[in-house]
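Under our numbering, residues 1 to 277 are what the sequence shown spells out, in order.
Think of the hints as simulated: they come from the structure by calculation, not from any bench.
The structure presented is a predicted model; accordingly, all values stated were derived computationally and were not measured.
Careful: at least some of the hints might be erroneous.
Okay, derived cross-link-like pairs now, DSSO-like style, lysine-lysine, Cα gap no bigger than 30 Å in a straight line [as the list claims (entries may be wrong)]:
id: 1; residue 1: 251; residue 2: 23
id: 2; residue 1: 261; residue 2: 251
id: 3; residue 1: 261; residue 2: 2
id: 4; residue 1: 86; residue 2: 195
id: 5; residue 1: 23; residue 2: 272
id: 6; residue 1: 141; residue 2: 38
id: 7; residue 1: 2; residue 2: 141
id: 8; residue 1: 195; residue 2: 251
id: 9; residue 1: 38; residue 2: 195
id: 10; residue 1: 38; residue 2: 2
id: 11; residue 1: 38; residue 2: 86
id: 12; residue 1: 272; residue 2: 86
id: 13; residue 1: 86; residue 2: 258
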Amino acid sequence: MKKWRRSARLVDMTRLLIQEPHKLIPLGTFAERYGTAKSSISEDLDIIHAVLEAQGAGVLETVAGAAGGVRFIPRLDRSRTEAVVKELCGRLADPDRILPGGYLYLSDLLGDPALIRAIGLIWATLFAGERIDAVVTVETKGIPLAYATATHLGTAVAIVRRDSRVTEGSVVTINAVSGSSRRIRTFSLARRSLKEGSRVLVVDDFMKAGGTVRGMVDLLAEFRAEVAGVCVMVESPAQERLVDDYVSLAKVEEIDVKSRKIAVSLGNLFTKGVGFQ
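Please build the complete structure, drawing on both the sequences and the hints.
If you want it as structure tokens, here you go:
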């Protein structure tokens, strides 16, 4: 086996670690791949850890013992998190977002890969210390956020449907009342998409009264799942809130259709978000 030069090892090791976050990789795997001693691999990992931590990109976590190894934990530091959230708030305040009926157009934000990837990293940072088995969202606008978050957590995605489909196989379905319109909504989740007793993170793009999130939480109870947290990109004021414990990035305080103005403030991320207090 051809021995790798150290510079090449450092690049390749960094790539592998970032490519599969939260996955424990034994040192022997690296030693065999590069044809070098574990002591040299340990020195390389120290260099990678120092650079990643200095840049606020994450840390390497080492697990000792025969079954141990190293894993990459992605993180976004506070200053970069603030920059992302302020960018989101600034873009939300654009009056051109106002739609008839006082609704907001969000599809361009949800279709921005860089922004969605950054939001997913913020949420993954908040719950890096939790054991998350799956990220759960409801179709369709929450799907990009769920995949971005799951990518950084190295976990699966489970998508709640508004109706059951034959391609989903056996499903669990419940009816829930919308918090704002008081209408009955149906939520379905395929039995194969989530194991019973899973620990999950619920994400959504927009929350008013919280009926959609409440519906997902109630549905997850049928799977005996434990909800580790709820994350929403944007929240708006509501007379009645069906969900109390959640983390939001931005809050739309007011939409004035007549004067074409949108008042936006920071969400509760920096007051309720673990790691950002």
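**Report entry** Indices of hints not satisfied (ascending)
**Finding:** 1, 3, 4, 6, 7, 8, 9 and 11
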